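Trainee: Chains as they are written, first to last, in numbering that gives the first Met the number 0: chain B, 0 to 254; chain L, 0 to 254; chain W, 0 to 254; chain P, 0 to 254.
Watch out, some of these pointers could steer you wrong.
Said to hold, decoys possible - Reference listing, derived: stretches of chain W covered by chain P, where coverage requires no fewer than 3 residues with Cβ under 8 Å from a Cβ of chain P:
{"hint": "1", "segment": "58 to 66"}
{"hint": "2", "segment": "133 to 141"}
To be verified - Straight line, CA to CA, 27 Å or less: simulated DSS-like cross-link-like pairs of lysine-lysine:
{"hint": "3", "chain 1": "B", "residue 1": "174", "chain 2": "B", "residue 2": "112"}
{"hint": "4", "chain 1": "L", "residue 1": "61", "chain 2": "W", "residue 2": "60"}
{"hint": "5", "chain 1": "L", "residue 1": "1", "chain 2": "P", "residue 2": "1"}
As the list claims (entries may be wrong) - What follows is a list of derived Cβ distance ranges for each label pair:
{"hint": "6", "chain 1": "L", "residue 1": "224", "chain 2": "W", "residue 2": "154", "range": "16 to 26 Å"}
{"hint": "7", "chain 1": "L", "residue 1": "230", "chain 2": "W", "residue 2": "154", "range": "27 to 37 Å"}
{"hint": "8", "chain 1": "L", "residue 1": "143", "chain 2": "B", "residue 2": "220", "range": "28 to 38 Å"}
{"hint": "9", "chain 1": "B", "residue 1": "139", "chain 2": "P", "residue 2": "202", "range": "52 to 62 Å"}
Think of the hints as simulated: they come from the structure by calculation, not from any bench.
If you're wondering where the values come from, they're calculated on a predicted model, not measured in any experiment.
Note that CB positions come from ideal geometry on N, CA and C, so glycine has one too.
Protein chains: 4
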Amino acid sequence: MKTTIKEETDVKLESPILIEGLPGLGMVGRIAVRYIVKQLNAQQLGLLYSPYFPYYVVVNKKGRVRLLRGEFHYWRNQGGSDLILFTGDSQAQTVEGQYEIAEAILDFAKKQKASAIITLGGYRKEAGESPKVVATASDESILRKAIEADALPSPPGNPIVGTAGLLVGMARFQKLPALCLLGETRGYLPDPKAAKSLLIVLQKMLGIPLSLDDIEKEIEKSDGILERMQAIEARRETYTKKMRKGEEDKTTYIS
Amino acid sequence: MKTTIKEETDVKLESPILIEGLPGLGMVGRIAVRYIVKQLNAQQLGLLYSPYFPYYVVVNKKGRVRLLRGEFHYWRNQGGSDLILFTGDSQAQTVEGQYEIAEAILDFAKKQKASAIITLGGYRKEAGESPKVVATASDESILRKAIEADALPSPPGNPIVGTAGLLVGMARFQKLPALCLLGETRGYLPDPKAAKSLLIVLQKMLGIPLSLDDIEKEIEKSDGILERMQAIEARRETYTKKMRKGEEDKTTYIS
Amino acid sequence: MKTTIKEETDVKLESPILIEGLPGLGMVGRIAVRYIVKQLNAQQLGLLYSPYFPYYVVVNKKGRVRLLRGEFHYWRNQGGSDLILFTGDSQAQTVEGQYEIAEAILDFAKKQKASAIITLGGYRKEAGESPKVVATASDESILRKAIEADALPSPPGNPIVGTAGLLVGMARFQKLPALCLLGETRGYLPDPKAAKSLLIVLQKMLGIPLSLDDIEKEIEKSDGILERMQAIEARRETYTKKMRKGEEDKTTYIS
Amino acid sequence: MKTTIKEETDVKLESPILIEGLPGLGMVGRIAVRYIVKQLNAQQLGLLYSPYFPYYVVVNKKGRVRLLRGEFHYWRNQGGSDLILFTGDSQAQTVEGQYEIAEAILDFAKKQKASAIITLGGYRKEAGESPKVVATASDESILRKAIEADALPSPPGNPIVGTAGLLVGMARFQKLPALCLLGETRGYLPDPKAAKSLLIVLQKMLGIPLSLDDIEKEIEKSDGILERMQAIEARRETYTKKMRKGEEDKTTYIS
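Build the full structure now, drawing on both the sequences and the hints.
Mentor: Written out as structure tokens, the structure is:
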């Protein structure tokens, strides 16, 4: 088995922009791409299978089995470029697999006459209420558009690991302009807040009609989880301190 | 060396069902397939060799050496579908190897004009006297047949690791319906009781004339081993407690 | 780079027997093959290079660099079958590499019209003055010859790891009879005594005129090393006991 | 994706000598090659990409992303052989990758009609003010030239790991003379002093007009870093001793 893409339709798109977001730091890229697919009601375009994904299958709600895979959806944009949206279950499991999957995505983008690539991911940082978005690119002009949409230029020296990085690095072989947007995240938990920051930049850049109401609900839910975890942690610390104090007290009595 | 299947006969089978069970959790799948091969006196059909099996050979009772391998047997069913039975010494050792071996098995199934795939394995759970069997499938109709034969639908989200999972996930590429049956097992030791549960479901589904007397004997033997191990463990604990009590007693005398 | 064999001469051999011994347990196989090459003044036949050998080079006595490799030598036998002798610097470093190198050796054996394969290695056991040799084979007739030359049949279930095992397991694909001889060794140190046991069996089987005087000298040297190591170990133990006794004495005085 | 070299110009060179220095012990080879490129103002010749490099990309000063890669530069030498200079971001990440990249470099050298290969690296040793340079080679005549330029013959048995070793070992397949020069280094930190020793030997061997003023500055800087690190370490030790003494003092008062 080779890495292969099974096309599910022969729709013809108008110089689409391919947006990628696979699982990674804070699941930021994946959350953002899945959100766009759902909000725009994007249609399935193709499935990517690879022997470099982990060797297990998952069972869905109907008791049906499926391989781990990547999914391409498309959305026809009346007011601008069409979109191809790519996400999936997993990153590749080996060095060569990482390069092979990135190459397969770019070949597919070329075949679909894509005009640009945008990859999404997370950037480790203690982020506040509105996490920033940093941008890097294969060329000046696409980077400028991201900056105009309020992304910040990435500091140099910063390595970008996995498919989000390799796609931008390899895009030049297909003569495609490519941009990488990374949302600041602590990265411990799935982070819809960082994903929202990416969505705001994408909205501005691409003029896509994206409501952010639903992601606000996800953020509330995830803040709730975080608060409960912090409360548990705080209680644990108080308890530990009390215990220690108790020990010290005892020690005092005894000695 | 590539993964290859050496055919040992050119028998023509009638839309056979391929049943797979490789070593895995509790050795459940392998025990079940080997049991069917023996009970039905199934004949050798072919051997699968792969550079993804571990790099050692085994010595048999006659002092003869053989590579690790997979084995296909066949059985002509007067009252229904013929069977192809696949088991082997080992799972593949790398990610790509797992996909390559699953693909080779499916190619062979297609060549033999198989009508369906059934994979067998274990499912980790504290299981009682009659361990349950959970089922997942590539399509609705084969799943329904398993449910009618008293398998339970698998809960969603459950990953199925290795060849038993990949075969069902990849069967769609060959347009073959595929079913995975997993017997509940604690998974510590080879578990013939879980294998028996699978055999009962298979009997009902496929109408194969399978006596279960011999597996009852294996279960008794394995229960005997388990009891002895538990007795040893209990003695060890009693002894440890006694020792500790002794220490405490001493401590009491001394202090 | 693929695994390749560079032939150094176009000599035509008469149904040669290929004897293999790579580094492994106690270095037994490698010591034996190198000894035969030296004693018979065997000539270079070819070199095997592979990307599955470790990725470093070694510097020889003249300050010259060479890749890790396998070496084929040949010896013309007036009174019987010619010999091809194979040894090398290393085993392959990956699962697939192990199979690929074994396959390359067998292809080369076939090309040289080899009549049989004999692989040599070590077998972990506390061995006495004359370590035994156990034999396993791909077929009955070659195994019988080894037994007649005082090898013992191997117990079943015994895994044979690496090239010595795979060559015998894969020899059937080339329709070559193949034998594996394993000398008993503790395996901690290079073990010329176990290698000598292999040489005695080979002498009887193949009627090759092999003096064993030089290997006796190697055995003496290696016994000397072993004795010195055991003396150091014994002193260390005596010292440790004395120290502990001291502690106990102190404990006695104090309590 | 395969390991590939993208040529950036179709310049024709006169029997160039290829000098390689990738990251390794003390970064010695890479520092030396980068220094030569800068000093001679060498021009870009080609870029090597490989799926065996790590799977991340780096961001440069302009916020632009690029894949990890190897870089070939060339320099036209009026008074002698032209040079091809090769360095890069990383060594290959797998065994086979190491061999594949070395082979790609040699194929490219052959295509450029190279007359020799010189590889540079570090050699672990407590080195003094002028670290020595040891030399090994694929043949006598190129080794002699290095010795005449004050390199020392390498002691035998010394393994040379990675591309610097494999290129010399594999050069014979292309019938290219090849030399490996290793500068003594402690290897903990990037070591421009060891790199300078290599540059002095190369200057003598190849007659290239190389000023060493700038590397002197790098050495001063790196000596400064080392001194500061040693000072920190010394303070830490003093502090630790004081603390311990304090504890002992306390213990004295209390007991």
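Trainee: A separate judgement is required for each hint: does it hold in the structure or not?
Mentor: Evaluated hints:
For the segment 58 to 66 of chain W, the proposed coverage by chain P is satisfied: 9 residues have a C-beta within less than 8 Å of a C-beta in that chain, meeting the threshold of three. Coverage of a stretch by a chain is defined here by at least three residues with a beta carbon nearer than 8 Å to that chain's beta carbons; for the segment 133 to 141 of chain W and chain P the count is 0, and the condition is violated. For a cut-off of 27 Å, the pair hint linking residue 174 of chain B to residue 112 of chain B stands: about 11 Å separates their Cα positions. Straight-line distance between C-alpha atoms of residue 61 of chain L and residue 60 of chain W comes to about 48 Å, which puts the hinted pair past the 27 Å bound.
Distance check on the hinted pair: residue 1 of chain L and residue 1 of chain P sit about 20 Å apart at the alpha-carbon level, within 27 Å; holds. Separated by about 22 Å at the C-beta atoms, residue 224 of chain L and residue 154 of chain W satisfy the suggested range of 16 to 26 Å. Range check, residue 230 of chain L to residue 154 of chain W: Cβ separation about 30 Å, and the 27 to 37 Å hint holds. Distance hint for residue 143 of chain L and residue 220 of chain B: a CB-CB separation of about 36 Å, consistent with the stated range 28 to 38 Å.
Separation of residue 139 of chain B from residue 202 of chain P is about 40 Å and departs from the stated range, judged on CB atoms against 52 to 62 Å.
In this structure, the earlier hints numbered 2, 4, 9 are contradicted, and the remaining ones agree with it.
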